[in-house]
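Student: Sequence:
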Amino acid sequence: MDLKRTLKKKKELIDEYLKLVLPYSEGPPKLQEATWYAMLNGGK
64 MDLKRTLKKK KELIDEYLKL VLPYSEGPPK LQEATWYAML NGGK
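To get our numbering, take the position in the sequence shown, counting from 1, and add 63.
Wrong hints could be hidden among the right ones.
For lysine to any residue, the following SDA-like pairs were computed, each having C-alpha atoms within a straight-line distance of at most 20 Å [as the list claims (entries may be wrong)]:
hint	residue 1	residue 2
1	K72	E96
2	K73	N104
3	K73	K93
4	K67	E79
5	K73	L103
6	K82	L66
7	K71	K93
8	K71	L81
9	K74	L103
10	K74	G105
11	K82	D65
12	K73	W99
13	K82	L103
14	K67	L83
15	K82	K93
16	K73	Y100
17	K74	W99
18	K82	A97
19	K93	L66
20	K93	D65
21	K72	L83
22	K67	N104
23	K72	A101
24	K82	A101
25	K93	L103
26	K72	T98
27	K72	L103
Pairwise CB distance ranges, derived in the manner of DEER restraints [claimed, not checked]:
hint	residue 1	residue 2	range
28	L70	K93	17 to 25 Å
29	A97	K71	28 to 36 Å
30	L66	A101	13 to 21 Å
31	G105	D65	27 to 35 Å
32	L94	D65	14 to 22 Å
If you are wondering where the hints come from, they were derived from the structure by calculation, not from laboratory data. Cβ coordinates follow ideal geometry from the N, Cα and C atoms, glycine included.
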């Protein structure tokens with residue numbers, strides 16, 4: 064299913080993003096991850 068593949072790809076991108084950004088970010092990792100998910104999903 065294409066949607067699953069897309070979500071998996073997004074998850075990989077998010078993981079890469081978190082590896083780059085989290086060392087320099089303040090706040091709990093889950094909060095950062097939730098913020099990134101919100102950005103990817105258009106604020107939903």
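Student: Taking the hints in turn, state whether each one holds.
Tutor: Now the hints, each set against the structure:
About 15 Å separates the Cα atoms of K72 and E96, which keeps this hinted pair within 20 Å; it holds. Taken as a hint, the K73 and N104 pair is honoured in the structure, with Cα atoms around 10 Å apart against an allowance of 20 Å. Using a Cα cut-off of 20 Å, the hinted pair K73 and K93 holds, with the two alpha carbons roughly 16 Å apart. Distance hint between K67 and E79 is fulfilled; the C-alpha atoms sit about 18 Å from each other, no more than 20 Å.
For the given pair, K73 sits about 8 Å from L103 by alpha-carbon distance, which is consistent with the 20 Å threshold. Proximity of K82 to L66 is assessed by CA-CA distance (about 24 Å); at most 20 Å being required, the pair is judged violated. Between K71 and K93 the CA atoms are separated by roughly 18 Å; this keeps the pair inside 20 Å, and the hint holds. Between K71 and L81 the alpha-carbon distance is near 15 Å, which keeps this suggested pair within the 20 Å criterion.
Among the hinted pairs, K74 with L103 is consistent with the structure: their alpha-carbon atoms are about 10 Å apart, no more than 20 Å. Of the supplied pair hints, the one linking K74 and G105 holds, its CA atoms being roughly 15 Å apart against a limit of 20 Å. Between K82 and D65 the CA atoms are separated by roughly 26 Å; this puts the pair beyond 20 Å, and the hint is violated. For the hint pairing K73 with W99, the CA-to-CA distance comes to about 10 Å; that is within 20 Å, so the pair holds.
Taking the CA atoms of K82 and L103, the gap is near 17 Å; set against the 20 Å cutoff, the hint holds. Straight-line distance between C-alpha atoms of K67 and L83 comes to about 24 Å, which puts the hinted pair past the 20 Å bound. Restraint check for K82 and K93: the C-alpha separation of about 13 Å stays at or below 20 Å, so the hint holds. A hinted pair counts as satisfied when its Cα atoms are at most 20 Å apart, and K73 with Y100 qualifies at roughly 9 Å.
In summary, the hint linking K74 to W99 is supported, as the alpha carbons are separated by about 10 Å, within the 20 Å threshold. Taking the CA atoms of K82 and A97, the gap is near 14 Å; set against the 20 Å cutoff, the hint holds. Of the pairs offered as hints, the one joining K93 and L66 is violated, with about 23 Å between alpha carbons and a cut-off of 20 Å exceeded. Note on K93 and D65: the hinted pairing is violated, with a Cα-Cα distance of about 26 Å set against a maximum of 20 Å.
Distance restraint check for K72 and L83: the Cα-Cα separation of roughly 17 Å lies within the 20 Å cut-off, and the hinted pair is therefore satisfied. Restraint check for K67 and N104: the C-alpha separation of about 15 Å stays at or below 20 Å, so the hint holds. Distance hint between K72 and A101 is fulfilled; the C-alpha atoms sit about 16 Å from each other, no more than 20 Å. For the given pair, K82 sits about 18 Å from A101 by alpha-carbon distance, which is consistent with the 20 Å threshold.
Between K93 and L103 the CA atoms are separated by roughly 15 Å; this keeps the pair inside 20 Å, and the hint holds. Straight-line distance between C-alpha atoms of K72 and T98 comes to about 17 Å, which keeps the hinted pair within the 20 Å bound. Restraint check: the Cα-Cα separation between K72 and L103 comes to about 12 Å, which is no more than 20 Å; the hinted pair holds. Taking the beta carbon of each, L70 and K93 are about 18 Å apart, inside 17 to 25 Å as hinted.
For the pair A97 and K71, the beta carbons lie near 19 Å from each other, so the given range of 28 to 36 Å is not met. Remark: the range hint 13 to 21 Å for L66 to A101 is upheld by a beta-carbon distance near 19 Å. About 19 Å separates the C-beta atoms of G105 and D65, a value inconsistent with the hinted range of 27 to 35 Å. The beta-carbon spacing between L94 and D65, approximately 30 Å, falls outside the hinted interval of 14 to 22 Å.
In the structure shown, a violation is registered for the earlier hints numbered 6, 11, 14, 19, 20, 29, 31, 32, in ascending order.
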